[in-house]
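Chain R: place on chain F using the hints.
If you're matching them up, the sequences are chains F and R in order. Okay, so the first sequence: first residue is 1 according to the working numbering, each after it adds one. Okay, so the second sequence: first residue is 1 according to the working numbering, each after it adds one.
Take these hints with a grain of salt, some might be off.
[Stated by the list, open to error] Distance windows between CB atoms, simulated: (1) 88(F) / 170(R): 42 to 52 Å; (2) 89(F) / 94(R): 16 to 26 Å; (3) 24(R) / 161(F): 40 to 50 Å; (4) 81(F) / 85(R): 30 to 40 Å.
Hints are computed from structural coordinates only; laboratory data are not their basis. Here a beta-carbon is modelled for each residue, glycine too, at the ideal position from N, C-alpha and C.
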Amino acid sequence: MKPPAWAQLVLWAVAGENEAEFVAGDLHEEFLLLCAAEGRSTGSRWYVRQVLRSAATLLGLRFRSGEAAHLVAAALVAVAMPLLLLDRLWSFVYSNIPFKDGLQRAPGFWAANVVCVCVCAAVCGSLARTFVRAMGVALAAAVGAGCALWCSAATAPLFYAGLVILAAPASSMAVFAWRRSR
Amino acid sequence: MKWVKRIAIVLAVLLIVPTVTLLVLGHRANAGIARAAVEINAPPDQVWTWLDDGDKLKQWVSWMVDVKYPDPQKAHGLGAKRVLVLKDENNGGGLMQIAATYTEYAPPSRMTLQVADTEGLFNGEESYRLVDLGGGRTRVETRSRAHYMEWFANFLEPLITPQAEKKMVMDVARLKRLVEAKAEVR
Chain F
1 MKPPAWAQLV LWAVAGENEA EFVAGDLHEE FLLLCAAEGR STGSRWYVRQ VLRSAATLLG
61 LRFRSGEAAH LVAAALVAVA MPLLLLDRLW SFVYSNIPFK DGLQRAPGFW AANVVCVCVC
121 AAVCGSLART FVRAMGVALA AAVGAGCALW CSAATAPLFY AGLVILAAPA SSMAVFAWRR
181 SR
Chain R
1 MKWVKRIAIV LAVLLIVPTV TLLVLGHRAN AGIARAAVEI NAPPDQVWTW LDDGDKLKQW
61 VSWMVDVKYP DPQKAHGLGA KRVLVLKDEN NGGGLMQIAA TYTEYAPPSR MTLQVADTEG
121 LFNGEESYRL VDLGGGRTRV ETRSRAHYME WFANFLEPLI TPQAEKKMVM DVARLKRLVE
181 AKAEVR
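Bound-form chain F, shown alone:
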């Protein structure tokens, strides 16, 4: 019997390399006991609650150990910064239209943003050595992309925003998995 996959992924993403295995092991043991006693749905609910409640503490531990500094740097430099720079570039382009224009962007510009964010997140993912680190990088890439979207001047369509937030961690993890398989 396995706990919800997304909750496991969150756990691996927020916990540091030193804690992830032990915490995941302990939670899994408790989860199995609870499933046997009260059923799978109760076990799953308990597991999700535990993960969400310990996420902040685990993230705090990761920051204190210095490990998170790399992730924050990766997210800021590799994902948020290029997105913000592209946003400024597109603002400059639109500002130079002789009779000016608004904050809507052409689909080509959104596509360029997505390609750039995927490439940069993939570069970050390729540098991760372990699965826990790769998960952290993926989470940081998604957060970085979200922050960049929030700070950007343009009016981003919902579809584009969702695509960027999902594509950044996905490309990071894909390149990590591809590199590990070789």
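Frame of chain F, contents of chain R only:
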């Protein structure tokens, strides 16, 4: 080391390919030229007022907030000047001014204006041709040519001009709607 090289190559390609593309496209024959045309169900003299009158101009050119006449005695005609004030949402909502001088004025068929940004970022020409199609219909052809003074804006011209053309197409579509709505009321 192998991966560092690969990453460096990817990043270099990401920069070099767009740069070369922009440099090549910047040398095309119609660089800086944007065109738009629309057929309006109204006679040329009715359409003309929408191009010549500042208050009407503000209604169909998006982001234009004001039209000033430095010399109110000579607001129209050859050599007359007007200052177009535009809101630049991409520059923190700041107001930009474009000085326009009539270099051709033949109502109700031809109008050309020499335009220049007061901050010296670009200059160019804006021309309108009104063709009487008969039966109370007019074809409006507008052409804009811009030359960017700043090297970076000039470098990005292949990106700017298509967006300027798209904006121009939207503006003339709005002009069509407004003119036809007023013509129906009459």
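Right, here's what the structure says about each hint:
{"no.": "1", "hint": "88(F) / 170(R): 42 to 52 Å", "in the structure": "violated (24 Å)"}
{"no.": "2", "hint": "89(F) / 94(R): 16 to 26 Å", "in the structure": "holds (18 Å)"}
{"no.": "3", "hint": "24(R) / 161(F): 40 to 50 Å", "in the structure": "violated (33 Å)"}
{"no.": "4", "hint": "81(F) / 85(R): 30 to 40 Å", "in the structure": "holds (35 Å)"}
Checked against the numbered hints given earlier, this structure breaks hints 1, 3; the rest are met.
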